[in-house]
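K.L.:
Each chain, letter by letter, is given below.
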Amino acid sequence: MKALTYRGPSWVKVMSKPDPRIEHPGDVVLRVVRAAICGSDLHLYHGLVPDTRVGSTFGHEFAGVVEEVGPAVTTLKRGDRVVVPFNISCGACFFCQRGFTSVCDRSNTANEILSGVYGYSHTTGGYDGGQAEYVRVPYADVGPMKIPDDMDYEDVLFLSDILPTAYQAAEMGSIAQGDTVAIFGAGPVGLFAAKSAWLMGAGRVIVIDKEAYRLEFARAYARVETIHYEDAGRHDVVGRLRKMTENRGPDVCIDAVGCEASGSLLHKLTGLARLQAGAATALLWAVQAVRRAGHVVAIGVYGPPWNLVPLGELMNKGITLRAAQCNVKRYMPHLLEHIRAGRIDPKAIITHRGPLDAAPDLYRTFARKRDGCIKPVLVPNAA
Amino acid sequence: MTGSTTHEEHAAHEEHAAHEEQEETTMQHSEIIGWGADASFDARPGVPAAHAPRPIVDARPDRLQQVIGRPSVWSPHRPITPVYGTAIPPRGLSGLIRRLAYRAPDYKARRYVLLTIADQVDVIEHNPLPMMVFAGALALGVLGVRALVRR
Numbered sequence: 001m002k003a004l005t006y007r008g009p010s011w012v013k014v015m016s017k018p019d020p021r022i023e024h025p026g027d028v029v030l031r032v033v034r035a036a037i038c039g040s041d042l043h044l045y046h047g048l049v050p051d052t053r054v055g056s057t058f059g060h061e062f063a064g065v066v067e068e069v070g071p072a073v074t075t076l077k078r079g080d081r082v083v084v085p086f087n088i089s090c091g092a093c094f095f096c097q098r099g100f101t102s103v104c105d106r107s108n109t110a111n112e113i114l115s116g117v118y119g120y121s122h123t124t125g126g127y128d129g130g131q132a133e134y135v136r137v138p139y140a141d142v143g144p145m146k147i148p149d150d151m152d153y154e155d156v157l158f159l160s161d162i163l164p165t166a167y168q169a170a171e172m173g174s175i176a177q178g179d180t181v182a183i184f185g186a187g188p189v190g191l192f193a194a195k196s197a198w199l200m201g202a203g204r205v206i207v208i209d210k211e212a213y214r215l216e217f218a219r220a221y222a223r224v225e226t227i228h229y230e231d232a233g234r235h236d237v238v239g240r241l242r243k244m245t246e247n248r249g250p251d252v253c254i255d256a257v258g259c260e261a262s263g264s265l266l267h268k269l270t271g272l273a274r275l276q277a278g279a280a281t282a283l284l285w286a287v288q289a290v291r292r293a294g295h296v297v298a299i300g301v302y303g304p305p306w307n308l309v310p311l312g313e314l315m316n317k318g319i320t321l322r323a324a325q326c327n328v329k330r331y332m333p334h335l336l337e338h339i340r341a342g343r344i345d346p347k348a349i350i351t352h353r354g355p356l357d358a359a360p361d362l363y364r365t366f367a368r369k370r371d372g373c374i375k376p377v378l379v380p381n382a383a
Numbered sequence: 001m002t003g004s005t006t007h008e009e010h011a012a013h014e015e016h017a018a019h020e021e022q023e024e025t026t027m028q029h030s031e032i033i034g035w036g037a038d039a040s041f042d043a044r045p046g047v048p049a050a051h052a053p054r055p056i057v058d059a060r061p062d063r064l065q066q067v068i069g070r071p072s073v074w075s076p077h078r079p080i081t082p083v084y085g086t087a088i089p090p091r092g093l094s095g096l097i098r099r100l101a102y103r104a105p106d107y108k109a110r111r112y113v114l115l116t117i118a119d120q121v122d123v124i125e126h127n128p129l130p131m132m133v134f135a136g137a138l139a140l141g142v143l144g145v146r147a148l149v150r151r
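Top line first, the protein sequences correspond to chains A and B.
Under the working numbering, residues 1 to 383 are what the first sequence spells out, in order.
Under the working numbering, residues 1 to 151 are what the second sequence spells out, in order.
Restraint-style ranges between C-beta atoms, simulated for each label pair:
#  : chain 1 : residue 1 : chain 2 : residue 2 : range
1  : B       : Ala139    : A       : Leu266    : 28 to 38 Å
2  : B       : Gly36     : A       : Gly354    : 33 to 43 Å
3  : A       : Lys13     : B       : Ala139    : 21 to 31 Å
4  : A       : Glu216    : B       : Asp58     : 45 to 55 Å
5  : A       : Leu275    : B       : Pro48     : 34 to 44 Å
6  : A       : Asn316    : B       : Ala139    : 48 to 58 Å
7  : A       : Gly354    : B       : Phe134    : 22 to 32 Å
8  : A       : Asp231    : B       : Arg146    : 38 to 48 Å
9  : B       : Ala139    : A       : Gly372    : 37 to 47 Å
10 : B       : Gly36     : A       : Asp231    : 25 to 35 Å
11 : A       : Lys369    : B       : Gly36     : 28 to 38 Å
Hints were generated in silico from the structure; no laboratory data involved.
Here the structure is a predicted model, which is why all the values come from computation and not from measurement.
Glycine included, C-beta positions come from ideal geometry on N, C-alpha and C.
Chain A extracted, bound-state conformation:
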């Protein structure tokens, strides 16, 4: 089959690889119909995630048709259309039983930190991802959700990751009616976090980014106020946010940027020197901006071993800090209903589509934020 493969930092190619097979009786093999490129794939693409091996296939947001079924699978059959959570979860361990499928204990042989994840380095178990013609899906009775007949692949594709991730972020912020919510990052997760904040009754939603075209999209798509951080008095985003909120600060700040943030030379240099994992500028600003006794939520991806975060400020301001990979399975039915009711239109953020062969170009376009790119989606096979 053809699959996207990692060759080195900022270098991916579409190459031939052996087809995936059933390796466990509970597996299925999926023919991939849609595979999105996630903002967190760019951390892999830039070589920032440890144990990203040459030849790896990325892709943890995908949907497709069941092609082969393992003998122990009871809920799926050949030809079923499914969307798959990015977490690989057993559904029965200590953590899954309590709703924390993102930290499943039975899918990652590398560490005690998180569950297996499709196409996200060998620190998440060494599974190939869905930016390919076919992909192996373990624990097939647990993760995949059948796509309802009245919906198409693109209606539900983002239930695999970014929509539940964004919703969970808003939820972790404990947003109460009338709250002011600041969201760092106007990428796809930031946009869906803004939508989710409105669903939870936020009074104001302010989105911060450095790309004017993304802020324009955010204003149109999510009806939010925006701050272009380079225009905010010599990068003084924190000062601007305080001014906009009676000098108190937002009630909730959400970091939807992660480890490749711009805006601080100190963070940039220490990241480049590998003294910390990337640059945690968005999280720093979130902690500094949030009101005393407010909530900060980190859902941008950070890697090991550590980052520069102002713990003193966190402690003295009495901030509640919450962070997690998303427990996707838990949110799929609820968000499906929001999509069906027209409260969220996820596919409206797709700006670029292309065949698998176009993947290297789409990675470049997405990484360099060219051509008004918000969300690129690959089409490895016809539906």
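We have chain A already, so just place chain B on it with the hints.
P.N.:
Coordinates of chain B only, in the frame set by chain A:
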């Protein structure tokens, strides 16, 4: 006098701006489809964060052990899980460094330092042709610059 007028104008302007902002906010809410649909914490699927223990599905695929393929990542600090990834097994010098890295527990920085080194080695040893072309071009460039400087 002028200063006082300016101050009053400024205050009036701020009041007007605040009023406009309030209007805009109100307008935003009425125009946002689904605003407040999940305002009640009871409507949110992840509240409370931990629910009473229950299996997600009736099937128990975790009771069967994967036997096909070798784990492509393994640490002596973790048991082999019922399913595991087999994507890219460790190979060559980078593979040796990776095996060494996973001997350290996941809370030790040396694991990640070694994995980062292994990643660099991997790129060089598994892209030999492009790397040789790149090194050749670099060497030619350096020689060219030296030749120009000497002239």
